Each structure stands twice: as structure tokens, then as C-alpha cells.
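Asks: Chains as they are written, first to last, in our numbering: chain A, 254 to 764; chain B, 2 to 297.
Think of the hints as simulated: they come from the structure by calculation, not from any bench. Keep in mind that the hints are not guaranteed to be accurate.
Heads up, simulated BS3-like pairs for lysine-lysine below, C-alpha to C-alpha not over 25 Å straight-line [as the list claims (entries may be wrong)]:
1) K700(A) with K673(A)
2) K623(A) with K661(A)
3) K273(B) with K661(A)
4) K273(B) with K759(A)
5) K673(A) with K255(B)
6) K288(B) with K612(A)
7) K699(A) with K747(A)
8) K612(A) with K759(A)
9) K747(A) with K12(B)
10) K288(B) with K626(A)
11) K381(A) with K257(A)
12) K699(A) with K661(A)
13) K255(B) with K612(A)
14) K613(A) with K255(B)
15) K491(A) with K676(A)
16) K747(A) with K288(B)
17) K273(B) with K706(A)
18) K34(B) with K12(B)
19) K426(A) with K310(A)
20) K540(A) with K299(A)
21) K381(A) with K310(A)
22) K12(B) with K177(B)
23) K673(A) with K694(A)
24) K353(A) with K427(A)
25) K11(B) with K178(B)
26) K257(A) with K317(A)
27) K288(B) with K623(A)
28) K11(B) with K34(B)
29) K759(A) with K626(A)
30) K540(A) with K293(A)
31) K288(B) with K613(A)
32) K661(A) with K626(A)
33) K759(A) with K288(B)
34) K491(A) with K257(A)
35) K747(A) with K706(A)
36) K273(B) with K676(A)
37) K381(A) with K426(A)
38) K747(A) with K759(A)
39) K673(A) with K661(A)
40) K177(B) with K29(B)
Here the structure is a predicted model, which means the values were calculated and not measured.
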Amino acid sequence: MLFKVQSIANSGMEALGVDIEVSVSSRGLPGFDIVGLPDKAVQESKERVRAAIGNSKIEFPQRKITVNLAPADIPKEGSLYDLPIAVGIMASVLQYEIPKDSLFLGELSLDGTLRHTKGAVLMALFAKEQGFCNVFVPAESANEAAIVQGVNVYGIENLEQIASFLLGNQKIKKVAYSAPLLTGAADAEFDMAEVLGQETAKRAIEIAAAGGHNILMIGSPGSGKTMLARALAGILPKLNEEESLEVTKLYSIAGNIPPRGSLITARPFRAPHHSVSLIGLIGGGQKPQPGEVSLAHRGVLFLDEFNEFPRSVLESLRQPVEDGMLTIARSRQRVTYPCRFMLVASCNPCPCGYLTHPKKACVCTPREVKKYKKRASGPLLDRIDLHIEVPEVDIQEFQDNQKASLSKESSFAMRERIEKVRKMQEVRFAGEPIHANAEMKNSHIKKYSLLSKEAEQILSRAALLYQLSARSFMKMIKIARTIADLAGAEHIEKSHMAEALQYRPKAYEFD
Amino acid sequence: MLTEEKNVVKKENSRYPSLLGDISDAPKQLYYKGTWNLELFDTCLAVVGTRRMTSYGKRMTEDIVSKVARAGITIVSGFMYGIDAVAHKAAVSAGGKTIAVMPCGIDIVHPEYQADLYQEILDTGGLVLSEYEGTHPPANWTFPRRNRIVAGLSQATLVVEAGEGSGALITANLAKKYGRKVFAVPNPLTSAVSQGVTQLLREGATVVGGAEDILQYYGLRDRVPKLSLGAPKLSLGTGVQDELEQNIVEQLEKQSLHVDELARRLEVLPAKLGAAISMLQLEGYIKEEQGRYYVN
Numbered sequence: 254m255l256f257k258v259q260s261i262a263n264s265g266m267e268a269l270g271v272d273i274e275v276s277v278s279s280r281g282l283p284g285f286d287i288v289g290l291p292d293k294a295v296q297e298s299k300e301r302v303r304a305a306i307g308n309s310k311i312e313f314p315q316r317k318i319t320v321n322l323a324p325a326d327i328p329k330e331g332s333l334y335d336l337p338i339a340v341g342i343m344a345s346v347l348q349y350e351i352p353k354d355s356l357f358l359g360e361l362s363l364d365g366t367l368r369h370t371k372g373a374v375l376m377a378l379f380a381k382e383q384g385f386c387n388v389f390v391p392a393e394s395a396n397e398a399a400i401v402q403g404v405n406v407y408g409i410e411n412l413e414q415i416a417s418f419l420l421g422n423q424k425i426k427k428v429a430y431s432a433p434l435l436t437g438a439a440d441a442e443f444d445m446a447e448v449l450g451q452e453t454a455k456r457a458i459e460i461a462a463a464g465g466h467n468i469l470m471i472g473s474p475g476s477g478k479t480m481l482a483r484a485l486a487g488i489l490p491k492l493n494e495e496e497s498l499e500v501t502k503l504y505s506i507a508g509n510i511p512p513r514g515s516l517i518t519a520r521p522f523r524a525p526h527h528s529v530s531l532i533g534l535i536g537g538g539q540k541p542q543p544g545e546v547s548l549a550h551r552g553v554l555f556l557d558e559f560n561e562f563p564r565s566v567l568e569s570l571r572q573p574v575e576d577g578m579l580t581i582a583r584s585r586q587r588v589t590y591p592c593r594f595m596l597v598a599s600c601n602p603c604p605c606g607y608l609t610h611p612k613k614a615c616v617c618t619p620r621e622v623k624k625y626k627k628r629a630s631g632p633l634l635d636r637i638d639l640h641i642e643v644p645e646v647d648i649q650e651f652q653d654n655q656k657a658s659l660s661k662e663s664s665f666a667m668r669e670r671i672e673k674v675r676k677m678q679e680v681r682f683a684g685e686p687i688h689a690n691a692e693m694k695n696s697h698i699k700k701y702s703l704l705s706k707e708a709e710q711i712l713s714r715a716a717l718l719y720q721l722s723a724r725s726f727m728k729m730i731k732i733a734r735t736i737a738d739l740a741g742a743e744h745i746e747k748s749h750m751a752e753a754l755q756y757r758p759k760a761y762e763f764d
Numbered sequence: 002m003l004t005e006e007k008n009v010v011k012k013e014n015s016r017y018p019s020l021l022g023d024i025s026d027a028p029k030q031l032y033y034k035g036t037w038n039l040e041l042f043d044t045c046l047a048v049v050g051t052r053r054m055t056s057y058g059k060r061m062t063e064d065i066v067s068k069v070a071r072a073g074i075t076i077v078s079g080f081m082y083g084i085d086a087v088a089h090k091a092a093v094s095a096g097g098k099t100i101a102v103m104p105c106g107i108d109i110v111h112p113e114y115q116a117d118l119y120q121e122i123l124d125t126g127g128l129v130l131s132e133y134e135g136t137h138p139p140a141n142w143t144f145p146r147r148n149r150i151v152a153g154l155s156q157a158t159l160v161v162e163a164g165e166g167s168g169a170l171i172t173a174n175l176a177k178k179y180g181r182k183v184f185a186v187p188n189p190l191t192s193a194v195s196q197g198v199t200q201l202l203r204e205g206a207t208v209v210g211g212a213e214d215i216l217q218y219y220g221l222r223d224r225v226p227k228l229s230l231g232a233p234k235l236s237l238g239t240g241v242q243d244e245l246e247q248n249i250v251e252q253l254e255k256q257s258l259h260v261d262e263l264a265r266r267l268e269v270l271p272a273k274l275g276a277a278i279s280m281l282q283l284e285g286y287i288k289e290e291q292g293r294y295y296v297n
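Work out the full structure: start from the sequences and follow the hints.
Replies: Written out as C-alpha cells, the structure is:
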């Protein structure tokens with residue numbers, strides 16, 4: 254007897270149909286084999302399936318069972334084939350019809366219940382694309398799959414339930430399609446209003462968030478760099494539906510969606526520790542998994558203590574920062590993950606941290622400072638649009654004078670403004686493959702960033718005075734574009750360009 | 002080697018600087034790089050200070066040294082990073098002459114990352130001196146020994162910034178011992194590198210209010226026009242039309258400020274302020290150093 258159950262395999266962001274052929278033969282010695290390039294987790298599913306069926310009060314057939322995962326030359330990975338294999342084997346005992354237009358996915362527990370399994374969204378999306386009507390997933394993963402419209406999603410609790418459903422004895426309620434509720438940014442740890450002082454830094458962060466620019470914050474320990482970065486999470490614009498789905502898909506592949514979790518509605522904010530490995534940051538592994546850069550897709554990648562990251566890890570960021578996507582090539586396969594993130598980096602001005610501190614003396618030699626700065630290369634720093642200094646805040650000043658802080662705007666108010674500016678950008682770049690000012694290439698800059706004559710004069714003068722590189726020159730225009738957008742101006746005026754110059758990279762050494 | 006033999010001046014030699022010869026423990030010989038020109042030693046000012054200078058110290062050094070060097074006084078210092086290096090640099094860029102006294106053998110540059118400055122000193126007709134030959138490495142004891150040459154070569158020693166136990170204090174005390182004048186630039190007492198200077202002032206060093214005080218001592222008062230220290234030469238209305246820009250300059254004339262402090266004082270949002278500051282910077286009215294703004 255041969256039974257066929259359908260499921261998927263994923264290769265990066267792409268899904269691929271997999272047929273699980275279960276042959277239950279009365280000839281030959283009883284046994285259970287899985288073929289078709291299964292990995293360890295798939296091999297082990299034999300034991301899980303055997304125990305789960307037994308514990309579900311269904312007889313496990315004492316026959317020769319061969320499971321083939323077709324196409325046989327693509328490596329299969331993970332525990333998602335437990336359910337389809339079990340459905341196939343049970344069919345030989347219970348004699349039910351396996352629905353043709355359905356996909357199955359799920360990991361079994363030994364007692365027959367189904368566990369949360371990664372990849373449910375990916376399968377639902379694949380089902381919709383390929384015209385499958387039903388997807389059967391663990392109940393805990395059902396919310397995740399239900400964000401895809403036009404596919405019947407069944408959340409399965411355990412093997413008994415699916416068996417009696419397939420026998421027609423019991424109905425399972427479809428999980429209703431839930432339109433993604435885009436709540437916008439995550440609840441940030443801090444509100445912008447809580448950050449005392451730091452008027453310039455706040456302004457720079459607003460510009461960065463509005464145009465999707467990368468930003469580097471330099472300041473002595475305790476000056477509030479991390480707090481500012483955390484508060485930044487609260488002013489990011491909402492994800493749109495397309496973006497949300499992209500992010501959810503990535504998280505589903507990485508297994509980062511919690512049980513009963515659904516669509517990712519907030520922009521990701523990833524803050525890997527500086528001990529992160531190259532693979533951890535970029536992605537990879539035998540079966541290439543998305544790394545932190547991809548998990549930060551459409552969100553923020555925050556690298557605190559930027560200069561403490563191993564240089565090789567930092568330099569690997571160059572291409573992803575530029576391209577917004579990343580191809581991980583391994584001998585067996587190559588996959589491409591998107592990684593369009595906003596890089597937020599923070600570092601100290603020198604190893605001891607107090608080079609720019611108004612009161613504490615720095616104990617570093619110029620050579621140490623130079624070496625410290627060299628840890629991040631010029632090409633990488635050149636890809637960061639805004640460079641700001643975060644000064645030490647005199648708490649006393651704010652305790653004495655409640656009115657001392659100039660900008661007490663809440664994150665909410667800032668976000669409203671930023672969202673408006675992002676909308677403007679969406680309209681502007683409607684026919685282009687880019688979304689935000691920061692992504693503009695030179696051709697876009699020429700087309701969309703018209704400088705007034707005065708602005709142009711200022712820029713060329715600054716280029717001479719500060720010896721701006723060609724890339725920095727273009728960066729200034731990009732920043733000025735966002736500043737003009739925030740001001741609601743169509744063209745870049747003098748004042749916008751002048752302000753943009755404040756965020757150029759500055760030298761902090763003693764010459 | 003032959004060239005090495007050439008680049009050494011013994012104490013008995015008539016080319017040996019007489020002022021240095023006066024001190025009791027004058028070095029037996031001086032190795033040198035550059036062109037030995039006795040005129041260089043006529044009027045010398047030693048400028049010394051901490052390695053951990055603040056931006057205040059840097060500004061004061063640059064300001065005083067450039068004016069003094071322009072008046073033809075040779076600036077002598079120890080080629081260390083910090084105040085020493087700034088003094089050499091300021092002298093070179095002011096078109097003046099400078100002498101670097103090394104704490105190591107004449108054939109090595111210490112610290113080696115200042116090789117550019119080393120070359121500049123030589124290119125502008127300055128001298129590099131050492132009492133040690135060849136590649137003698139710098140050691141703990143060579144630094145204070147070096148200081149006696151710095152003090153010995155100069156009629157006066159100027160201390161810009163010095164912390165407690167700073168090497169600059171050794172130089173100043175040697176200068177006193179040799180009967181030379183000691184000048185000190187007043188420092189804010191909150192600064193970590195002010196204690197040494199304060200101590201010197203307490204012991205009778207002369208307060209320096211600007212380059213004129215030093216020039217007066219050298220009798221060069223007339224050779225330079227009266228220059229005021231860092232005072233803005235801003236005639237309002239010529240370049241600075243904007244009211245905000247005027248206010249910024251007025252604030253910065255009083256003291257250097259971080260842009261956030263400026264924003265709070267003037268109650269102007271950073272967006273607007275940033276633009277105004279950029280304009281002032283481009284016009285050359287103000288400049289920024291380590292995040293703080295100064296009137297140029």
C-alpha cells in the first residue's frame with residue numbers, strides 16, 4: 254500500500270513542495286526506514302512517530318515501512334515531517350483518504366500531541382501560491398499560518414484528532430483568517446521624553462528614523478547612547494503589510510516566532526552582543542539560517558560598543574549594509590536572505606572612554622586612540638550616514654531646572670511626524686525598487702534631490718573645507734533630503750544642507 | 002660612521018650653545034639632525050606641558066606659541082605627544098623655528114607615529130637634538146635627563162598644563178635651578194591638569210596672560226602688533242547678518258559650549274541651531290573641537 258502526503262522544504266526564503274511517500278508492505282521483515290536525504294532530526298522522527306502513534310491508541314503496523322521524501326536529492330531538515338509521516342502510516346491502519354490538496358507540517362511529541370513548529374507561514378504562503386486549499390499545522394503554530402488569506406488553516410492538537418477528522422468522525426474548526434493588526438513600533442524601553450538633554454542627538458535620531466539612515470553615536474560611558482538607541486525603537490514608523498509578511502516569513506524560517514505567535518507587527522530591533530560570531534551576524538551554517546542582519550530586516554540592527562566587535566565580523570557588514578540582501582553560499586546550496594536594516598552603532602571615543610569627557614581625564618595615548626578607531630574601517634564608517642557625538646549630561650543641571658531640557662517631545666509625537674515623512678518617501682519612490690531616502694543611489698539622488706543654488710554652494714564649500722569624499726558628498730545630500738522632507742520642503746534649501754553638515758564624520762583625535 | 006661624526010657637537014666646541022654650557026650638568030656632546038645654525042639658540046623658549054592635555058591646553062599652546070614663534074623665538078620642547086607636540090606643530094605652522102630634544106638615541110624617532118612632525122621640524126629649518134647616540138632606546142631615566150637640556154637651552158620655560166608629578170614640573174624646576182624665568186598659563190582649578198601649574202604659580206612662576214607677556218620678557222614687544230587672546234574680531238553686520246548667528250557668537254565669546262548647551266541657552270531647537278552653526282563654521286567665525294565650539 255502506498256500513501257502520499259504533501260509538505261514543504263525550505264531553501265532560504267523559498268519553499269519547495271515535498272511528497273512524503275509512505276509504503277507499508279506486508280512483505281519483508283517489519284521495519285521503518287526513511288530515505289530522501291533526511292538529516293538527523295528527520296531520521297529521529299521514526300522514533301517520535303512510532304511512539305506517538307502507539308500512545309494515541311492507534312496500532313502501529315508491524316510491517317515493512319519505507320518513507321521516501323521526494324524529490325530525493327534535496328536535503329530535508331527539521332522535525333516538520335513528523336505529522337505527514339504519521340498521517341501516511343496511520344492511513345494504512347485506519348484506511349482514510351488523505352486529502353490531495355493539503356499540506357501537512359508539525360513536530361510530534363511522544364504522547365501524540367503536536368508541538369509548535371517553525372515554517373508555518375512559509376507553508377501557508379506556498380499553499381496559496383500553488384493552489385493548495387488546506388494546511389494542517391500544529392495548533393500552536395496556527396495563528397502564524399492564519400495570516401495568509403485564502404487558505405484553510407487547521408490547527409491540530411494531537412494525532413487522535415487529525416485521525417478522526419480524516420475519518421470524518423470529527424470536525425476541526427478552521428482557524429479564521431486574522432487580518433494583521435499593524436500596531437507599529439514595539440513598546441520601547443524608554444520614551445524620547447525621558448531622555449534628558451541630548452537635543453542634537455535626538456534630532457539626529459529623528460532624521461535617521463525618518464529616512465532610514467544609518468547612524469553612529471560616539472560618547473563617553475554613561476552618556477546615554479544605549480538609552481537613545483532603545484528609545485529609537487519607539488519612534489520607528491509602522492510596518493506595512495508587505496513588510497510585515499516579509500519579516501514574519503524570516504522569523505518563521507529562523508524559528509523565532511513564539512508558540513501561538515502570529516504576524517510580526519513591530520519593526521525588529523536586534524541588539525547582538527559584541528561577542529557575536531560572523532555566522533551569527535550574517536547568517537550561515539550547514540543549512541544556511543538567517544543571521545542577525547536578516548532578523549533586523551525592516552528594522553534596526555543596534556551594535557553597542559561598535560569597536561569591540563571583532564574586525565572580521567564588522568567588515569562583513571559592508572555588503573549587506575549597501576545591498577539590503579545577502580547571499581549565503583555553501584557548497585551544497587546558496588540562499589538569499591533580505592537584510593534591509595538601519596544600522597545604529599555606538600562606541601566610545603577612545604579605549605578608556607573619556608577622551609571627550611568635560612571633567613574626567615583621558616588616560617589613553619594617541620596611539621591607543623588611533624588603534625581603537627582603526628577597528629572599524631573607513632569603508633564601513635563611510636557607509637554610516639549620520640555621525641553624532643553624545644555628550645555627557647550634567648544631571649545636576651536638569652534636577653535644578655526642570656525646564657532645562659529643550660526637546661521634551663514624546664516618542665509618539667515624533668513617530669507621527671516620521672510616519673508622514675516615510676509616506677512621502679513611499680510616494681516619491683513609487684516606481685523605484687527603494688523605499689527610503691537612505692537607499693537612494695546616485696541616479697536617484699540626481700532625480701529626487703534637487704538642490705537650491707545656495708544649498709549647492711554651501712555643499713561645495715564644505716566639501717573643500719572638510720575634504721569630503723565623493724561618498725560623503727552624496728551622503729550629505731541624502732541627509733539633507735530627509736531634513737527637507739521633515740520640513741515639508743520640496744527642494745533642498747540652504748538651511749537643510751547646512752544642518753546636514755552637522756552630521757558629517759568628525760575627527761575626535763588631537764589632530 | 003663618518004656622517005655620525007659630523008652630526009655631533011662637543012661641549013668644548015665653539016658651536017656648542019653657550020646658554021646650555023652654563024648649566025652645571027650640561028651634556029658632554031649633542032647629536033643632532035638638521036642644520037646646525039647657532040642663531041637658532043639665540044632666543045629660545047621652552048614650552049612644556051602634560052601629555053594628557055585638554056582642548057583648553059591645546060588652544061592656549063597654539064595661540065601663544067604661534068605668536069611667539071612668529072616673532073622669531075625658537076620653541077624648544079621634548080617631542081612627546083600632548084602639549085610638546087602641539088608646541089612643535091604650532092611653531093612649524095606659524096613659520097617659526099623649533100628644536101625637539103629627544104629622550105632617545107638620535108637615530109630613532111620616539112614616539113614613532115609622530116614621524117611626520119619630525120620631518121616637518123627638519124624641513125622648516127628646525128633641529129632635533131639628543132645627548133644619546135645611535136639607537137639608544139628611551140628609558141624612564143632618559144626623560145628627566147632630556148628635560149635639563151630643554152630647560153638649559155632656553156631663557157624661559159612656559160608651562161601650559163601640568164598635572165601633579167608631571168614631567169613638565171621637572172623641566173620648570175630645573176629652569177628655576179638654572180636661574181631661568183618660568184612662565185605658567187593659568188588653568189581652571191577644576192581641571193585635572195591644573196594642579197602642577199597652580200603649584201608653580203604658588204612658588205612664584207610668572208602668570209602669562211597672553212603671548213605679549215612672553216614677548217615683553219624677550220624685549221620683542223614692538224615686533225608684533227598687539228594681539229588679543231582669542232578675542233573675536235567680528236564686526237557684526239559684515240558677515241553675520243542673522244540674529245541667531247549673532248547670538249551664537251555672543252554666547253561663544255563668553256565660553257566654549259557644546260551644541261546642546263548652546264541650544265538650551267538660546268532656546269533654539271537643534272535643527273535650526275545646527276544650520277546656523279554650520280554657516281558660522283563655513284564662514285570661519287567659529288570652530289569645533291571635540292564637540293565644543295569656540296569663537297575663532
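Asks: Give a verdict on every hint.
Replies: Consistency of the hints with the structure:
1. K700(A) with K673(A): 21 Å, holds
2. K623(A) with K661(A): 37 Å, violated
3. K273(B) with K661(A): 16 Å, holds
4. K273(B) with K759(A): 20 Å, holds
5. K673(A) with K255(B): The hint is violated at about 41 Å.
6. K288(B) with K612(A): Answer holds: K288(B) to K612(A) is near 21 Å, not above 25 Å.
7. K699(A) with K747(A): 17 Å, holds
8. K612(A) with K759(A): 21 Å, holds
9. K747(A) with K12(B): 65 Å, violated
10. K288(B) with K626(A): Between K288(B) and K626(A) the Cα gap is close to 23 Å, so the pair holds against 25 Å.
11. K381(A) with K257(A): Distance of about 20 Å is within 25 Å: holds.
12. K699(A) with K661(A): 36 Å, violated
13. K255(B) with K612(A): 19 Å, holds
14. K613(A) with K255(B): Since the Cα atoms of K613(A) and K255(B) sit roughly 23 Å apart, the hinted pair holds (cutoff 25 Å).
15. K491(A) with K676(A): With a Cα-Cα distance of about 11 Å, the restraint between K491(A) and K676(A) holds, given a limit of 25 Å.
16. K747(A) with K288(B): The hint holds at about 20 Å.
17. K273(B) with K706(A): 20 Å, holds
18. K34(B) with K12(B): 17 Å, holds
19. K426(A) with K310(A): Satisfied, since the Cα-Cα distance of roughly 23 Å is no more than 25 Å.
20. K540(A) with K299(A): The hint holds at about 22 Å.
21. K381(A) with K310(A): 34 Å, violated
22. K12(B) with K177(B): 22 Å, holds
23. K673(A) with K694(A): Holds, because 22 Å separates the two Cα atoms, which is no more than 25 Å.
24. K353(A) with K427(A): 18 Å, holds
25. K11(B) with K178(B): 23 Å, holds
26. K257(A) with K317(A): 16 Å, holds
27. K288(B) with K623(A): 22 Å, holds
28. K11(B) with K34(B): 15 Å, holds
29. K759(A) with K626(A): At roughly 12 Å apart (the allowed maximum being 25 Å), K626(A) and K759(A) satisfy the hint.
30. K540(A) with K293(A): 13 Å, holds
31. K288(B) with K613(A): 23 Å, holds
32. K661(A) with K626(A): 33 Å, violated
33. K759(A) with K288(B): Holds: K759(A) and K288(B) sit about 12 Å apart, inside 25 Å.
34. K491(A) with K257(A): Distance of about 43 Å is beyond 25 Å: violated.
35. K747(A) with K706(A): 8 Å, holds
36. K273(B) with K676(A): 24 Å, holds
37. K381(A) with K426(A): Given that 25 Å is the threshold and the Cα spacing comes to 19 Å, the pair holds.
38. K747(A) with K759(A): 21 Å, holds
39. K673(A) with K661(A): Distance ~20 Å between K673(A) and K661(A) Cα, so the pair holds.
40. K177(B) with K29(B): 22 Å, holds
Consistency note: the structure conflicts with the earlier hints numbered 2, 5, 9, 12, 21, 32 and 34.
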